[in-house]
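Undergrad: Using the sequences provided together with the hints, build the complete structure.
There are 2 protein chains.
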Amino acid sequence: MLQKNTKILIIGLGLIGGSYAQGLKRAGYEVGAVTRSQKTIDYALAHGIIDSGTTQVTRGYVSRFDLLVFALYPHTFLEWIDTWQDCIKPGALLTDVTGVKGSVVYAVQARLRPDLQFIGAHPMAGREVGGVENADCDIFRGANYIVTPTEQNTPEAVETCRELGRTLGFARISTLSPAQHDEMIGFLSQLTHCIAVALMNCKESRHLVDFTGDSFRDLTRIARINDEMWNELFQLNKTELLAQMDLFRGEFDRLREAIAEGDETTVREMMRTSTRRRSYFDK
Amino acid sequence: MLQKNTKILIIGLGLIGGSYAQGLKRAGYEVGAVTRSQKTIDYALAHGIIDSGTTQVTRGYVSRFDLLVFALYPHTFLEWIDTWQDCIKPGALLTDVTGVKGSVVYAVQARLRPDLQFIGAHPMAGREVGGVENADCDIFRGANYIVTPTEQNTPEAVETCRELGRTLGFARISTLSPAQHDEMIGFLSQLTHCIAVALMNCKESRHLVDFTGDSFRDLTRIARINDEMWNELFQLNKTELLAQMDLFRGEFDRLREAIAEGDETTVREMMRTSTRRRSYFDK
Chain A
102 MLQKNTKILI IGLGLIGGSY AQGLKRAGYE VGAVTRSQKT IDYALAHGII DSGTTQVTRG
162 YVSRFDLLVF ALYPHTFLEW IDTWQDCIKP GALLTDVTGV KGSVVYAVQA RLRPDLQFIG
222 AHPMAGREVG GVENADCDIF RGANYIVTPT EQNTPEAVET CRELGRTLGF ARISTLSPAQ
282 HDEMIGFLSQ LTHCIAVALM NCKESRHLVD FTGDSFRDLT RIARINDEMW NELFQLNKTE
342 LLAQMDLFRG EFDRLREAIA EGDETTVREM MRTSTRRRSY FDK
Chain B
102 MLQKNTKILI IGLGLIGGSY AQGLKRAGYE VGAVTRSQKT IDYALAHGII DSGTTQVTRG
162 YVSRFDLLVF ALYPHTFLEW IDTWQDCIKP GALLTDVTGV KGSVVYAVQA RLRPDLQFIG
222 AHPMAGREVG GVENADCDIF RGANYIVTPT EQNTPEAVET CRELGRTLGF ARISTLSPAQ
282 HDEMIGFLSQ LTHCIAVALM NCKESRHLVD FTGDSFRDLT RIARINDEMW NELFQLNKTE
342 LLAQMDLFRG EFDRLREAIA EGDETTVREM MRTSTRRRSY FDK
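Taken in order, these protein sequences are the chains called A and B. Position in the first sequence counted from 1, then plus 101, gives you our numbering. Position in the second sequence counted from 1, then plus 101, gives you our numbering.
Don't read these hints as lab results, they were simulated from the structure. Any given hint might turn out to be false.
One copy or two, either will do: identical chains are not told apart, so a pair holds if it fits within one copy or between any two.
Calculated lysine to any residue pairs in the SDA-like style (CA-CA distance at most 25 Å, straight line) [unchecked claim]:
no.: 1; residue 1: K105; residue 2: R355
no.: 2; residue 1: K304; residue 2: G351
no.: 3; residue 1: K190; residue 2: P215
no.: 4; residue 1: K108; residue 2: S153
no.: 5; residue 1: K304; residue 2: D354
no.: 6; residue 1: K126; residue 2: T107
no.: 7; residue 1: K190; residue 2: N106
no.: 8; residue 1: K304; residue 2: D383
no.: 9; residue 1: K339; residue 2: G351
no.: 10; residue 1: K304; residue 2: A361
no.: 11; residue 1: K140; residue 2: P256
no.: 12; residue 1: K108; residue 2: L348
no.: 13; residue 1: K126; residue 2: L348
no.: 14; residue 1: K339; residue 2: E370
no.: 15; residue 1: K304; residue 2: A211
no.: 16; residue 1: K126; residue 2: E252
no.: 17; residue 1: K304; residue 2: R355
no.: 18; residue 1: K339; residue 2: V158
no.: 19; residue 1: K108; residue 2: N235
TA: Take a look at the structure:
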C-alpha cells in the first residue's frame with residue numbers, strides 16, 4: 102500500500118510522467134525522476150514538480166525508490182528494464198502508463214527479476230501538447246484509470262496501483278484484463294484516431310476553414326497526433342486495431358450502400374440506433 | 102433591403118424557424134408564422150417569439166408579408182410552393198434554411214411565379230434537440246451563414262439575404278454556388294454524420310460508457326440525429342455525399358493497409374499531414 106514515506110520514481114518526464122510527478126508531489130510523496138534531458142529536470146525542479154532527478158541511471162539513485170512509474174514509449178520501456186533492472190530496490194513495485202497492454206505487460210513480467218512485481222495501468226488522459234512544460238495533474242480529474250493485472254500480480258499490488266489512481270484524482274478506477282483493455286482501447290481510442298487522421302487526409306482543407314462548424318471540429322480535434330508515439334501504439338495493438346477498423350468499415354459500407362440504393366429504411370434504422378446508443382454517453 | 106416595416110413570415114416553426122422568429126422579433130421586425138400545430142403557435146405567442154401565427158394558410162394572412170423564410174423539410178417546402186404560392190404578395194422575397202441546395206434551389210425557382218424571387222440560404226447552426234420549445238437565436242452567434250444565389254437572383258435580393266444573416270447575428274456570411282455548397286456540406290457535415298452513425302452502429306456500446314474519454318464522445322456527439330430530416334438531406338445530395346464517402350473510405354483504407362503491412366513511413370506521414378492540416382482549424 103502507499104504510505105506517507107513511499108518514495109516514487111518517475112521514469113520518463115514527459116507530459117504524463119510530469120503530470121504524475123506533480124500530482125504525487127502535491128499529495129505529499131517524495132518524487133524522483135529519471136529522464137533523458139537535464140533541461141527537463143531543471144524545469145521540473147524549478148517548478149516544484151519533482152524533489153530530485155537525474156539523467157544518469159545509477160543503482161545509488163534508483164534503489165532509493167519503492168514505487169517506479171514508467172512513462173516511456175513502449176520499446177524504450179522494455180530496453181530500460183533489460184538494461185537497468187539490476188538497479189531497482191528488492192521488492193519494489195513497478196507500474197506504467199502505456200496505452201497498450203497485451204504486448205507490453207507480459208513482455209515486462211517475463212523479463213523481470215523474481216523479487217520485483219510489475220502491474221500495468223493506463224491513465225486515459227492526455228493533451229494535444231507534450232513535454233514536462235505542459236504537465237498538469239488536473240488532466241486526471243474526471244478521467245478513467247484502468248489497472249490491468251495478470252495472475253502474476255498480488256492483491257496487494259493491485260490495491261496499491263488502484264490507490265495510485267485515486268491519489269492522482271481519477272474519477273473512475275477500473276480493472277480489466279490486458280486483452281479486454283486492448284479491445285476497448287482499439288475501438289474507443291485507436292479507431293477514433295484513425296478516423297480523424299483519414300478524414301484530415303481527404304482534402305487540403307485550408308479553404309474549408311471558413312465553413313467549418315462544430316461537428317467537423319469535434320470529429321478532427323484528435324487529428325493532431327504525436328506520430329511517433331501513436332504509430333508505435335498502433336503497431337503494438339495491430340491485430341485488435343485492424344479488427345476494430347474492419348468492424349467500422351463494415352458499418353460505414355452498409356450505410357453507404359443503403360444511401361446509394363435509396364434504402365431509406367436501413368438508413369433511418371441506423372440513424373435511430375446511433376441516436377439511441379449515443380444517449381448512453383450523455384453526461 | 103430589409104426595412105423597419107418589413108414584415109417577415111416564417112413557414113415551419115421548428116427549432117430553426119423558431120430561432121429565426123425569435124431573433125428577428127428581437128431585432129424589431131413584425132414576425133408571423135405558418136405551422137402545422139396550434140400548440141406550437143400558442144407556445145410561440147406566449148413566449149414572445151412571434152407576433153401572430155396560423156395553422157391555416159390563407160391569402161388574407163400570407164399576403165401581408167414581404168419576406169418569407171421557409172424552414173420546412175425539403176419535400177414539404179416544394180409541396181407548399183406548389184399549393185400555396187398564389188397567396189404570396191406580389192414582389193415578395195422568399196428564402197429558406199435547407200441544408201442542401203442544388204436539388205432545392207433550382208426546383209423552387211423553376212416553379213415560382215415570375216414576380217416572386219427565391220434565394221437559397223443555409224444557416225449552419227443547430228442543436229441536438231428540435232421544436233420551437235428549444236428555439237434559441239443565440240445558436241447563430243459565431244456560426245456561418247451561406248447564401249447560394251443563382252443567375253435568377255438580383256443583386257438586391259442577394260444583399261437582403263445577407264442582411265438577414267447579419268441581423269440574426271451570424272459571425273460569417275458567405276456566398277457560394279449551390280454546387281459548391283453541396284460539395285462542402287457533403288464533406289464537412291454529411292460525411293461526418295455518416296461516420297458518427299456508422300461508429301455507433303459498431304457495438305451495442307452500453308458497456309463502454311465507463312471507459313469513454315473525450316475523443317469518442319466528441320466523435321459521436323452528432324450521432325444523435327433526426328433520422329427523418331437527415332435521411333431526406335442525404336438522398337437529396339446523394340451523388341455528392343457518395344463521392345465524399347468514397348474519398349474518406351479511400352484514405353481510411355490507405356491507413357489500414359499501411360498499419361497492416363507495418364508501413365510505418367506511410368502511417369506517420371498521414372499522421373503528420375493530419376496534424377498540420379488540423380492546425381488550420383484552431384480557433
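Undergrad: Indicate, hint by hint, whether the structure satisfies it.
TA: Status of each hint after checking the structure:
Taking CA atoms no more than 25 Å apart as the test, K105 paired with R355 passes in neither setting, with 56 Å inside one copy and 52 Å between copies. In this assembly of identical chains, the alpha carbons of K304 and G351 lie at most 25 Å apart whether taken from the same copy (23 Å) or from different copies (12 Å). Taking the shortest Cα distances, K190 and P215 sit within 25 Å of each other inside one copy (12 Å), while across copies they are farther apart (89 Å). In this homomeric assembly, K108 and S153 come within 25 Å of each other (Cα to Cα) only inside a single copy, at 11 Å, whereas the closest approach across copies is 73 Å.
When the C-alpha separation of K304 and D354 is checked against a cutoff of 25 Å, the pair qualifies both within a copy, at 21 Å, and between copies, at 15 Å. Taking the closest pair of Cα atoms, K126 and T107 come within 25 Å of each other only inside a single copy of the chain (11 Å); across copies the shortest separation is 66 Å, beyond that limit. Within a single copy, K190 and N106 get their C-alpha atoms as close as 15 Å, which meets the 25 Å cut-off; across copies the closest is 84 Å, which misses it. Taking the closest pair of Cα atoms, K304 and D383 come within 25 Å of each other only across two copies (17 Å); inside a single copy the shortest separation is 31 Å, beyond that limit.
When the C-alpha separation of K339 and G351 is checked against a cutoff of 25 Å, the pair qualifies both within a copy, at 18 Å, and between copies, at 20 Å. Taking the shortest alpha-carbon separations for K304 and A361, both the intra-copy value of 23 Å and the inter-copy value of 23 Å come in at or below 25 Å. In this assembly of identical chains, the alpha carbons of K140 and P256 never lie at most 25 Å apart, being 39 Å within a copy and 62 Å across copies at closest. Taking identical chains as interchangeable, the C-alpha atoms of K108 and L348 are never at most 25 Å apart, the minima being 45 Å within one chain and 53 Å between chains.
For the homomeric pair K126 and L348, neither the shortest alpha-carbon distance inside one copy (43 Å) nor that between copies (49 Å) is at most 25 Å. In the homo-oligomer, the alpha carbons of K339 and E370 lie at most 25 Å apart only across protomers (18 Å), although the nearest pairing inside one protomer, at 32 Å, exceeds that limit. In this assembly of identical chains, K304 and A211 lie within 25 Å of each other by CA distance neither inside one copy nor across copies; the values are 46 Å within and 34 Å between. In this assembly of identical chains, the alpha carbons of K126 and E252 never lie at most 25 Å apart, being 31 Å within a copy and 68 Å across copies at closest.
In this homomeric assembly, K304 and R355 come within 25 Å of each other (Cα to Cα) both inside a single copy, at 24 Å, and across copies, at 14 Å. In this assembly of identical chains, K339 and V158 lie within 25 Å of each other by CA distance neither inside one copy nor across copies; the values are 32 Å within and 61 Å between. For the homomeric pair K108 and N235, the shortest alpha-carbon distance inside one copy (24 Å) is at most 25 Å, but the shortest distance between copies (55 Å) is not.
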